[in-house]
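Chemist: Once you have looked at the hints, place chain L on chain F.
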Amino acid sequence: MKKGYRKERLDRGIKARTDDIFAICSPREIAYIALPRFIVIGALLMFPLLAVLTGIYWQNVLIITCTIALLALSWDLLASAGLVSLGQALFFGAGAYVTGFLSHHYGWPPILSVPAATVTGALLCTMLLYPVLRLRGIYFGLITFAMPLLMMRIVEATKILGGTEGLSGLAPLPGMKVELYVIITVTLVCVFGFRRLIDTDYGLVLRAIRDNDRAVMAGGINIQWYKTQAVFIAALPATFAGAFLTHHYQFVGMPAFALEYSILPLTSVIIGGTGSFAGAMLGAFILVPLSEVLRAFGTLRVVIYCLILLVFAIGLPEGIFHYIQRKYYQFERLVPVEEIKK
Amino acid sequence: MSQDLILKVSNLAKNFGGVKAVNDVSFELQEGEALGVIGPNGSGKSTLINLITGFVKPSGGRIIYRGENITGLPPYKIVSLGIARSFQMAKPFYNIPVFKNLIIPLYSSRARKLKGGAYGDRDEAAIHFLEDVGFERDSQVPYKAAGALPHGYLKRLELARCLTLEPDLIILDELFSGMSMSEIASILPLLAKIREEGKTLIMVEHRLRELFRVVDKAIVLNFGGKIAEGTSGEVMDNEEVRKAYLGSEVLSGA
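Chains as they are written, first to last, in our numbering: chain F, 1 to 342; chain L, 1 to 254.
Just chain F, same shape as in the assembly (with noise of 0.2 Å):
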């Protein structure tokens, strides 16, 4: 008779000590957690000193990564309080025009209008989104859908803030280097904010409201008030995102508002894994840059970008993100199952 094995899955004992306080026991220990957090500061923060390596090209291949990753974030603190967007642009576009229209107009330095685009941005798009926070699931993303491609035709119709031609000749920021570090903190504290943030008691209650809002509810708390906290603190990253590339393209126009910015954060998230805010910065990381090598393939570029999201999506539904970590934190071996003697 052949005997049958089952695959096991266990965490490996440097995991299990590491859980908790226990970590601080040996260099090694340390190193465990920290190592991978390390690597990635570390690298990103490498880049930009790189420049004889990397040339202007794949700088700003970048900025345009991490723009990615900043809304990618956002589309993943939506969704961890169970509001799944569909419209990243709307945020994007706000934070551009914002930063636009101050800089513009009232002659502002990035160094003002870019954070008072970004509150300001983000305030607007809460209060814009506000009266639909009660609708969930699909309907809430089809709205979502829908503000970004409603706000363009609004700029096209109405001819304000510059219409078709947008608004150009904006303040520029001070130099690459600047750009490349600026930017990189922004990711980087984001990412490992909002990690910390929703797993705090506050971040709790967002969860909690995305499995089952009807118990939040009962459990004495206001969830159209926290939804709305929710989307003010996801909207930050990506108003920062569309004021900061306003001005590093010295322009603001209607593609503020193309269906690239919704999009492309949401396969980021997919690839990468969603909920755990790295995976949505890894498929960012991983997405952007492979358009860019696809470009040598000229009209097959879109067939085989598509093609690796087929594959990814059908063959790591978890998310690249999810898998490494899990192949990080557990070992799987192979154990034989008795035969059942009757």
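Among the hints, erroneous ones may be present.
[Said to hold, decoys possible] Using C-beta positions, here's what the derived DEER-type ranges look like:
{"no.": "1", "chain 1": "L", "residue 1": "LYS57", "chain 2": "F", "residue 2": "VAL311", "range": "46 to 56 Å"}
{"no.": "2", "chain 1": "F", "residue 1": "VAL189", "chain 2": "L", "residue 2": "ARG62", "range": "50 to 60 Å"}
{"no.": "3", "chain 1": "L", "residue 1": "GLY147", "chain 2": "F", "residue 2": "LEU150", "range": "21 to 31 Å"}
{"no.": "4", "chain 1": "F", "residue 1": "LEU150", "chain 2": "L", "residue 2": "ARG62", "range": "36 to 46 Å"}
{"no.": "5", "chain 1": "L", "residue 1": "ARG62", "chain 2": "F", "residue 2": "ILE33", "range": "38 to 48 Å"}
{"no.": "6", "chain 1": "F", "residue 1": "GLU260", "chain 2": "L", "residue 2": "ASN95", "range": "30 to 40 Å"}
Just so you know, these hints were derived from the structure itself, not from any lab. Virtual Cβ for every residue (Gly too), placed ideally from N, Cα, C.
Modeler: Here is chain L on its own, set in the frame of chain F:
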């Protein structure tokens, strides 16, 4: 036991389209009393609870809680006044540990206000409340994912969720449903203790024998209307109640 009016429901009504789910229901409840709400399936018991706790907006009538009109207030405001409810279908937050489930009500403005904003360690408070409903602190159970709990424990968790809000009026929607006899037997002393603390209780139940071991009086609903009110004996002897439960043919044929 003080004899103050805690809840006064008058002419409460709710229509879903043409269906009168709750139709002209009135009753009063004194502080410290325990009221049962019984009736056949679809008689409007759960809708009545949803109306009182603000989950459903009434089409008519008034709900007065301690002299304050709470008709149509949102659930979180009603909770903050001191009314807590459990759900018939105990749906915990599955992916988080059992005790973390109680962090959510402990995070509410009511719970934070009660202890001057300082339950200190919310995790510790959660474990404490779990102990109160029969979870053992030192066992693995409070730290496991809530999705892995057996049904009886889920119901206890529901009860604990109510108690964390330190309410004055507790409304339990079919707490006993799906529980075994021994599970019910182990939860009865808990309910007795809640009553001893002077809390007011409303229980929607199908399990009448067990219900009347907890409550003093009951109201009976049928097709959304109140058809009887009284002690267990009065209610069970009422002919309309027996008709509603057994069907009219049985009685007329007998």
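Chemist: Now look at each hint and say whether the structure bears it out.
Modeler: Hint-by-hint comparison with the structure:
| no. | hint | verdict |
| --- | --- | --- |
| 1 | LYS57/L - VAL311/F: 46 to 56 Å | holds, 49 Å |
| 2 | VAL189/F - ARG62/L: 50 to 60 Å | holds, 52 Å |
| 3 | GLY147/L - LEU150/F: 21 to 31 Å | violated, 40 Å |
| 4 | LEU150/F - ARG62/L: 36 to 46 Å | holds, 42 Å |
| 5 | ARG62/L - ILE33/F: 38 to 48 Å | violated, 59 Å |
| 6 | GLU260/F - ASN95/L: 30 to 40 Å | holds, 33 Å |
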